[in-house]
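Q: Listed here are the chains, written in short residue letters.
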Amino acid sequence: MEFKTLLFYLFSTITVIAALRVITARNPVHAVLFLVLAFFNVAGLWMLLQAEFLSLALVMVYVGAVMVLFLFVVMMLDINIERVRAGFWSNLPLGIVVGGLLASEMAVVLSGKYFGLANLPPQNLPANYSNTKELARVLFTDYAYPFEVASVILLVAIIVAVMLTMRRRKDNKAMHSSDQIAVKAKDRMRIVKMAPEVDLPASGGDKA
Amino acid sequence: METMVVSFLQSALGSAWPTVKPVWPLVWTLAKIVLILAPLMLSVAYLTFWERKVIGWMQVRIGPNRVGPWGLLQPIADGLKLFFKEVLFPAAADKKLFVLGPVMAIAPALAAWAVIPFAPGWVVANIDAGVLYLLAVSSVGVYGIIIAGWASNSKYPMFGAMRASAQMISYEVSMGLGLICVLMVSNSLNLSEIVMAQSKGRFASYGIDFLSWNWLPLLPMFGVYLISGVAETNRAPFDVVEGESEIVAGHMVEYSGMAFAMFFLAEYANMILISAMTSIFFLGGWLSPVDYIPDGFHWLAAKMAAILFFFLWIRATFPRYRYDQLMRLGWKVFVPLTLVWILVVGIWMMSPLSIWK
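Protein chains in written order, with the working numbering: chain A, 1 to 208; chain B, 209 to 565.
The hints are simulated quantities; they were obtained by calculation from the structure and are not laboratory data.
Nothing here was measured: the structure is a model prediction, and the numbers come from that model.
Fair warning: there could be bad hints in the mix.
Claimed, not checked - 20 Å max Cα-Cα, derived PhoX-like pairs, lysine-lysine:
no. : chain 1 : residue 1 : chain 2 : residue 2
1   : B       : Lys-240   : B       : Lys-229
2   : B       : Lys-303   : B       : Lys-293
3   : B       : Lys-363   : B       : Lys-303
4   : A       : Lys-133   : B       : Lys-565
5   : B       : Lys-408   : B       : Lys-565
6   : A       : Lys-4     : B       : Lys-229
Stated by the list, open to error - Partner residues aside, some chain A positions facing chain B, computed with beta carbon under 7 Å:
no. : residue
7   : Glu-52
8   : Leu-56
9   : Met-60
10  : Gly-64
11  : Leu-71
12  : Val-74
13  : Met-75
14  : Ser-130
15  : Ser-177
16  : Leu-200
We treat Cβ as the ideally placed atom computed from N, Cα and C, and that holds for glycine.
Kindly produce the complete structure, drawing on both the sequences and the hints.
A: Next comes the structure, spelled out in structure tokens:
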């Protein structure tokens with residue numbers, strides 16, 4: 001057995017176990033961490049497919065940023081696990097139907113001869129082939145406009161999310177750094193010139 | 209090097225060599241990992257000593273001077289002490305995650321060294337997507353802090369974890385955007401090629417190589433990267449994560465003994481990593497500053513030492529940032545600055561004034 005095959009089975013076993021634990025773990029924080037583990041192993045699988053850019057981007061974006069925010073939210077929420085689990089048996093038939101549909105569709109795509117995945121041309125890549133460069137070339141030439149449109153849509157989504165959640169409170173006492181920096185000493189404090197010592201009047205007046 | 213060792217082993221083991229051969233790549237890689245991590249751990253130990261000495265001198269104190277000659281055995285004594293202390297588990301802690309926290313903190317700090325080139329060819333994995341690998345691995349480091357903070361099941365660790373993760377994610381953005389300029393001018397994601405790209409240029413042809421390094425044309429990015437690096441490692445003046453006067457020690461409050469020491473090892477290993485990355489991206493890695501002196505690993509070491517001294521220097525001189533000021537600096541100053549500079553560099557590269565042809 002080749003070493004890569006061994007790695008493939010290692011990664012895929014951990015992925016499947018972690019994915020199962022995501023839905024069976026009792027503690028939501030544990031579930032999120034298992035999802036992180038699953039992502040990590042999928043990244044390993046992609047690396048085996050020589051898609052190093054996508055694999056590292058998966059770790060960077062999903063593991064490094066998205067799942068951290070997920071973890072934030074889950075840690076903040078006080079999720080009542082008993083209540084979430086209450087409807088398990090009544091929702092099970094629907095869940096089985098949806099899951100079965102997903103699995104069968106995947107099977108059709110992957111194993112069927114309708115999509116031609118079986119007869120893809122063999123990949124004879126030169127030694128200096130760079131996955132990153134090829135991806136960039138496609139993204140910024142053939143698909144430049146769809147790429148730009150997608151990024152603008154994402155930007156709009158970010159701005160909308162900020163605008164929807166932003167509320168200005170009247171009793172907000174936040175300070176603005178620029179105002180603080182712009183403060184000058186003479187706005188706050190007045191220095192009065194005065195003589196350090198005052199001579200008493202000559203000893204003529206105070207005869208007691 | 210490898211062929212020498214292999215031929216020696218072949219002659220030494222004789223007929224036993226074929227049984228060793230399948231696991232040879234594993235053994236060789238492990239040997240290289242040990243060769244990097246052992247000096248790294250030693251540097252971490254002596255960085256803590258150097259930090260206490262430097263800050264002592266800056267504050268007109270002597271610093272540690274009791275254990276061994278000039279106090280040189282102090283880090284060893286500290287390590288021994290922490291090693292023999294009991295690791296306490298709080299009653300309400302999530303035991304498994306409580307152990308996982310320090311592990312997740314230190315693992316990325318060590319894993320990132322796989323792609324750092326120390327000299328031409330001195331690198332464990334000379335991969336094409338080295339910069340991406342560094343970004344990916346260092347973005348995983350935040351999990352150690354979050355897990356530790358949550359698993360402790362206590363207020364201050366939770367606050368510390370929240371502060372740390374928000375801070376690290378924010379400054380990762382400006383670090384990543386700053387790096388984009390470096391990638392644009394060096395036209396590669398491979399760290400060795402990024403270093404070699406800095407050996408070319410007009411000043412390099414005059415023999416004053418250090419003016420051809422990335423720090424000069426990308427000066428704003430150099431500043432952003434260095435300061436973001438300080439914030440990314442949660443060091444002073446950005447150490448609100450463990451600000452003693454506010455939240456005791458943040459995510460490390462409930463930890464003791466070696467578990468506590470792991471966080472410290474991770475922090476110092478990350479400092480050394482950031483200094484190595486800054487040297488490679490902006491200060492020409494192992495290249496020598498002038499033409500007539502040969503290049504070599506010692507140049508990288510000297511540059512890293514200078515940046516590490518900068519880390520200690522600012523710790524002794526600056527007061528701690530307030531949290532809202534810290535977020536403002538990251539999002540409202542650094543991110544716009546990097547975005548504008550990416551545009552500037554892009555236009556510069558396309559114009560006839562480009563120096564990267």
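Q: Determine for every hint whether it applies to the structure shown.
A: Hint check results:
With a CA separation close to 17 Å, the supplied pair Lys-240 of chain B and Lys-229 of chain B stays within the 20 Å bound. Under the criterion of a C-alpha separation no larger than 20 Å, the hint pairing Lys-303 of chain B with Lys-293 of chain B is consistent with the structure, at around 18 Å. Only pairs whose Cα atoms come within 20 Å are accepted, and Lys-363 of chain B paired with Lys-303 of chain B is accepted, the gap being roughly 17 Å. About 19 Å separates the Cα atoms of Lys-133 of chain A and Lys-565 of chain B, which keeps this hinted pair within 20 Å; it holds.
With a CA separation close to 10 Å, the supplied pair Lys-408 of chain B and Lys-565 of chain B stays within the 20 Å bound. Restraint check: the Cα-Cα separation between Lys-4 of chain A and Lys-229 of chain B comes to about 17 Å, which is no more than 20 Å; the hinted pair holds. The interface hint given for Glu-52 of chain A holds, since its Cβ lies 5 Å from the closest Cβ of chain B, which is under the 7 Å cut-off. Among the interface hints, the one on Leu-56 of chain A holds; its C-beta lies about 4 Å from the nearest C-beta in chain B, closer than the 7 Å criterion.
Taking 7 Å as the C-beta cut-off, the interface hint given for Met-60 of chain A holds, the closest approach to chain B being about 4 Å. Interface restraint check: Gly-64 of chain A against chain B, minimum CB-CB distance 3 Å, threshold 7 Å, status holds. This hint holds: Leu-71 of chain A has a C-beta 6 Å from the nearest C-beta of chain B, less than the 7 Å allowed. A least Cβ separation of about 9 Å between Val-74 of chain A and chain B goes past the 7 Å threshold, and the interface hint is therefore violated.
Restraint check, Met-75 of chain A versus chain B: the minimum CB separation of about 5 Å is within 7 Å; hint holds. At about 6 Å, the closest approach between the beta carbon of Ser-130 of chain A and any beta carbon in chain B falls short of 7 Å, and the interface hint on this residue holds. Residue-level restraint check for Ser-177 of chain A holds (minimum Cβ-Cβ distance to chain B is 5 Å; threshold 7 Å). Interface hint status for Leu-200 of chain A: violated, as the beta-carbon distance to the closest one in chain B is roughly 46 Å, over 7 Å.
Hints 12 and 16 from the list above are not met by this structure, while the remaining hints are.
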